[in-house]
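Novice: Given only the sequences and the hints, what does the whole structure look like? Please build it.
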Amino acid sequence: MAIFLEDGRNAAAVAERMATQLDPETTVLTWDVLQPEIKTFVAMKVGGGRVMIGIIGLLVAAGIFNTLFMSVLERTREFGIMIALGYSPRQIFALVMFESGFLAVMGLIGTAAVSFMPYKALNENGIDISAQIEEAGASMDIGGVGMDTVMPVGIFPESVVAIAVLIVTATMVAGIYPAWRAGRVSPVNAINLV
Amino acid sequence: MSPANASTLVEFQGVTKVYSQGKVEVKALRGLDLTIHKGDFVAIWGPSGSGKTTALNLIGALDAPTSGTLRLEGKDLGTMSRRALSVMRRDRIGFVFQAYNLIPVLSAYENAESVMALQGKPAAERKARVMGLLKDVGLEGLENRRPHEMSGGQQQRVAIARAIASNPAVVLADEPTANVDSETSEKLLKLMADLNNDHGVTFIFSTHDPRVMKYAKRLVGLVDGKVASDVLKEQGQ
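Line order of the protein sequences matches chains X and Z.
1 is the number of the first residue of the first sequence in the numbering used here; add one for each residue after it.
195 is the number of the first residue of the second sequence in the numbering used here; add one for each residue after it.
Simulated from the structure, these hints should not be mistaken for laboratory data.
We treat Cβ as the ideally placed atom computed from N, Cα and C, and that holds for glycine.
Where hints are given, some of them may not hold.
[Said to hold, decoys possible] Some but not every residue of chain X turned toward chain Z, in silico, with C-beta under 8 Å:
1) Glu78
2) Ala84
3) Gly86
4) Tyr87
5) Pro89
6) Pro187
[As the list claims (entries may be wrong)] Examples of chain X residues toward chain Z, derived with CB under 10 Å:
7) Arg77
8) Ser88
9) Gln91
10) Lys120
Specialist: Written out as structure tokens, the structure reads:
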């Protein structure tokens, strides 16, 4: 008997619970025990995906750093004036860090707004790769298990939270040096910049 | 020159300031001794490179002396922490710059209010004070204009309002009339002279504008980073 779960990540827990409730002679096996080739394939896909996410995260952080750093450089005179008026380096640092946080939150909201409809469409229809499979003369068969040529698209709620936290953290970290530098502006030099 | 006493506001004692430009050392101040009193309306004048702007930057705690002692209200600025200097600038010093240096994204009202807001003054107190000041400097009705929507003279009036809004002990004005026409210059100087006469606000100018020197009550001439002359003018002279 094969049992399909809504979320494959629950397979081990469900199997364990079933094993305690069924006849001792009945064996409950999870998909990854039955098909270790698929487990390896999935592990490779997940690992590769994480590396890609890491690279994209670094690129995003570099982009944010560049934006914040240029913003600080362009506003050197403004920070110099503010320091002359009595803002402390700590207050200037906090101001730029606040701007970094604001940028991160607005970026998240903007991204969610822009990507919601495309995600919804992909979630409902999946990604059909049958043409590519056919062109390559391959078959959607891994370790003797046939796979659907329409790849389902979905994102777990905890992944959304993790990505949001990652983006905000990356943005805040990227903002530290520009914020520190803004607080160190020499008012004498900055005010003479016209 | 009178000795330091209760009326002493600024006191330079053998102050030197040396800037390094690559391998070249520029001696901007060479042992400056100068005392400025509360209520003074003093112009520090001299040729370019005489050290007048450097002197103002030091009084304003924007820069530190290389050697010597500089006291503002009896406090040695050379021994104060960065944080304490920020508080000193916020609460005790007002600045009027040659290039106005208003915050471009803020309105006239917000610029004038900015230091009071930084001081944590209540909104009602800020509003009453700033609206009164903007009226005093002739900017009633222009509160919501941003710097780019105002003339140079109007921007300098906002800068003056900002400088005195926080009730500082001294207002430092670096060439405040350099970027405005003669008529505006006269009006600005009259405005600052009135603030000095009516409210006892101490003004220290760095200038080589004869119009500023005409209004000043005391003229301190600097040459090569030292006081070359110190003249207390008679009232109305």
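Novice: Next, verify each hint and record whether it holds.
Specialist: A quick look at each hint next to the structure:
1. Because the closest C-beta pair between glutamate 78 of chain X and chain Z is about 6 Å apart, less than 8 Å, the hint holds.
2. Because the beta carbon of alanine 84 of chain X sits about 6 Å from the nearest beta carbon in chain Z, less than 8 Å, this interface hint is met.
3. Interface restraint check: glycine 86 of chain X against chain Z, minimum CB-CB distance 2 Å, threshold 8 Å, status holds.
4. Taken as an interface hint, tyrosine 87 of chain X checks out: its beta carbon lies about 7 Å from the nearest beta carbon of chain Z, inside 8 Å.
5. At about 6 Å, the closest approach between the beta carbon of proline 89 of chain X and any beta carbon in chain Z falls short of 8 Å, and the interface hint on this residue holds.
6. For proline 187 of chain X, the shortest C-beta to C-beta distance to chain Z is roughly 5 Å, which falls under 8 Å, so the interface hint holds.
7. Because the beta carbon of arginine 77 of chain X sits about 8 Å from the nearest beta carbon in chain Z, less than 10 Å, this interface hint is met.
8. At about 4 Å, the closest approach between the beta carbon of serine 88 of chain X and any beta carbon in chain Z falls short of 10 Å, and the interface hint on this residue holds.
9. The interface hint given for glutamine 91 of chain X holds, since its Cβ lies 8 Å from the closest Cβ of chain Z, which is under the 10 Å cut-off.
10. Because the closest C-beta pair between lysine 120 of chain X and chain Z is about 38 Å apart, greater than 10 Å, the hint is violated.
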